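Novice: Here's the letter readout for the chains.
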Amino acid sequence: MTTLAVAGRSSLSIGRRWVAPAAFLLLALIDIFFFAHYAHKGDATLAFSQPFAKVTVPNLALPGRATAYVMGGLSVVLAAARALELGKVARRASIGLVLFFFVIALLCWAYAGSSNTFNVINQFQGTLADSIPLILGALAGCLCERAGVINIAIEGQLLIGAFAGAIFASAFGTLWLGIIAGSAAGGLVSLLLGVFAIAYLVDQVILGVVLNVFVSGLTGYLYDKLLVPYANTLNSPSTYLPIKIPLLGDIPIIGPVFFDSTLFLYITYILVAAVQIGLFKTAWGLRVRAVGEHPQAADTVGISVKLTRYRNVILAGLIAGIGGAFLTIGSVGSFGKDMSSGRGYIALAAVIFGRWTPLGSVGAALLFGFAFELQSILSTINVPIGSYFLLMVPYVATIIAVAGLVGQVRAPAADGQPYVKA
Amino acid sequence: MSESPSAPAAPPGSTPDRKPEEKPSFSRAILDAVIEGNSVVVTILAILVAIVLGGLLIAFTTQSVLHAWGDFFSSPGNAIAQAWDAASGAYVAIFEGSIFNPHTVSALFQQKSMSIALHDGTVSSVFYPLSETCVQATPLILAGLSVAVAFRAGLFNIGASSQWIGGAILATWLGYGVNLPIVIHVVVCVIGGFVGGAVLGYVVGLLKARTGAHEVIVTIMANYIMQYLLAYLLGKPKLLEKPGANGNLISPNIASNAHLPLLFGTHLRINAGFLLALACAAGVWWLMNRSTLGFEFRTVGANPNAARSSGMSVTRTWVLVMLIAGGLAGLAASTVIQGTDFSLNFQSYGTYGIDAITVALLGRSKPGGVVLAALLYGALHAGAPLMQASTGVPVDIVQVIQALIVMFVAAPPLVRAIFRLRAARAGGTGQVLSKGWNS
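Chains A and B supply the protein sequences, listed in that same order.
Heads up: the first sequence begins at 80 in this note's numbering, then just goes up one per residue.
Heads up: the second sequence begins at 18 in this note's numbering, then just goes up one per residue.
Derived pair list, reagent style DSS-like, types lysine-lysine, alpha-carbon separation capped at 30 Å: (1) Lys255/B to Lys120/A; (2) Lys253/B to Lys120/A; (3) Lys253/B to Lys416/A.
Bear in mind the hints are in silico, worked out from the structure with no lab data behind them.
From a predicted model like this one, the values you see are computed outputs, not experimental measurements.
With the hints as constraints, model all of the structure from the sequences given.
Specialist: This is the structure we're talking about:
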């Protein structure tokens, strides 16, 4: 199929050059003819500090309609520039800028002439919080898929992590036990994935889907059977409170966003760094990637393919389980049926969108988290735009990405193929 | 794993003690099948293991059982009996809710005469569980066929849910939005369901054919996109929202002309949708096994490179397969909207997409197998509410059993290892070709 894909691609390659400029132009036209045209008269106010902050930054009042027109105009310019040949950096920067202009135009339209202010700090804080399970799930995906095992079971790993986290934190009254239990539960689901995929050679995509069904059924069953009747003991954990890092946490704008959050965010920082450095700067990472790209070659030089895969799959489950525990003891507390609600699939999308690199998928996860947070903030001020369209953003973006409209996306070569020693 | 010590790898004639042309006797064939664990035997054993595991889960999450096991050493018999009662009680309740409930027969005998019994629905109530099983199985057959057709052509359709929604939107809209005479309206809506699903399938196939976008990723994403689109449409009064629904995200009821006709009177919900599903299964069988197109589908599924070198258009096949698969999933929506629900809400798609995958896998992607698998899962779904009402076992257990069955069906070596069966001839049964993102 690879040859075929190439053949299919080449026939489209002439058209593809115009896809990005066309998309930019489309966004620009929305900026101008929708956001600017329908914006109310008056200013849109953006706030950059939280109430009671030690150091405050003044609010920024933008004239709504004019700003949206400017944003649209700048996007048109970028679309024209994009039609020319650009370097790699310039191409990526242009995408970021157009999206940024789009969001600003959207905010101008939503907040112009309104007494509400859009709090940028809240938006970014929420983005990071929303992204934690996505980031950890995406790291799990990277670890698995870099070693050549497709992980669609992220959803199940998150869900069972949330379940175990809530039960253990609630029953024993200690929060850190919740994290450990959530992580271990995620690891168990991963172990199932590993055994069936590596030892019994079951198709990994099917397996992942079925594991998600299994976990959803199991947690749903146990929820009705145990957590509802014994809700007071088993399903009422306390939650982690934000920890403000001294000094760093007081920096305006950056402090409250990055250094004033629950333990989970700090764990996430550490794990992101560890996985990125581990995969690309250590001998271990080189071996893992070799196993994911060319298991025969790795085997020939004495790397145990199966062992590497088992280790990575279980490690991935442990990480995703922490992300799951965040859903309960890191945010809302008690467990609810199917509370991961598709986050695992978004994490999978982030892995693909981020081209199977940890940092790339973290970026994608943050982008998706931003869209969700923006949606939830906009839905509180009754913006007439269908908030459902904002919720669709990650999914549409992923389809665009895999369709190769924003450059080629290529998975590790041996991803999903079981290795049988010849 | 599948070291096959016996059988046809050795050229005929090299085994002088067995004449290859001689057909084994019927009983011998069955014995062989059991010992070697062919696909049917493995499937049955997989179902058995899943039911046993499900039973253990039921037993050991029931309080009385746990208490009894606390006193295991003083009264082991009681502990085991309690566990058995808990598990078997749940399964008996499922049986009574899905196949046959003895109480309904005794009620029948208390009636004065057959004509009264026919009139007041006592006779119907005997067949009510079976009817419910068929009703539940109908969309599962169609959605399962959707996944199965794609499987046979080497594509994995996780997007039955999105195609279901596509079909449902169109069928519902045609159902209340237009006025047509009685038979025509039904047909138009059913075709609408097919088209609604087929469009989505077509897009997936086209994306794969033109750009190489992996259908698994595209269909997963399409599921969520369609869910949000459905919620959006149901929330807009000018679009699909029921007048006066006040944000309840529900569509108007479809016209009674568009209802699928009931088959056995007003007491039983079984309707023409079931016949439609069976007809589609037969149609898919013909398509896959008797038509040129089906031959191309299977060839592309087995080996796209070989298909291409023999002059078949692989990309065209992908598009066509996904179109048909999407249409079948859309028909599933049609049978639900026009057969039982009569309106569409934001959760109508339920778990059809996932159930379809389990049905197709259990049915080994063959139309006959899909029908049987759908009937089994339909029975579990039909019996589950009664089980929850009478024994307090949550309905989610059905999902657990469903997933377990498929996990074991997908791993024949594991089932053989559990039951110490010999490896099957010719390299194992039901081995799904494992593919990665790049293939």
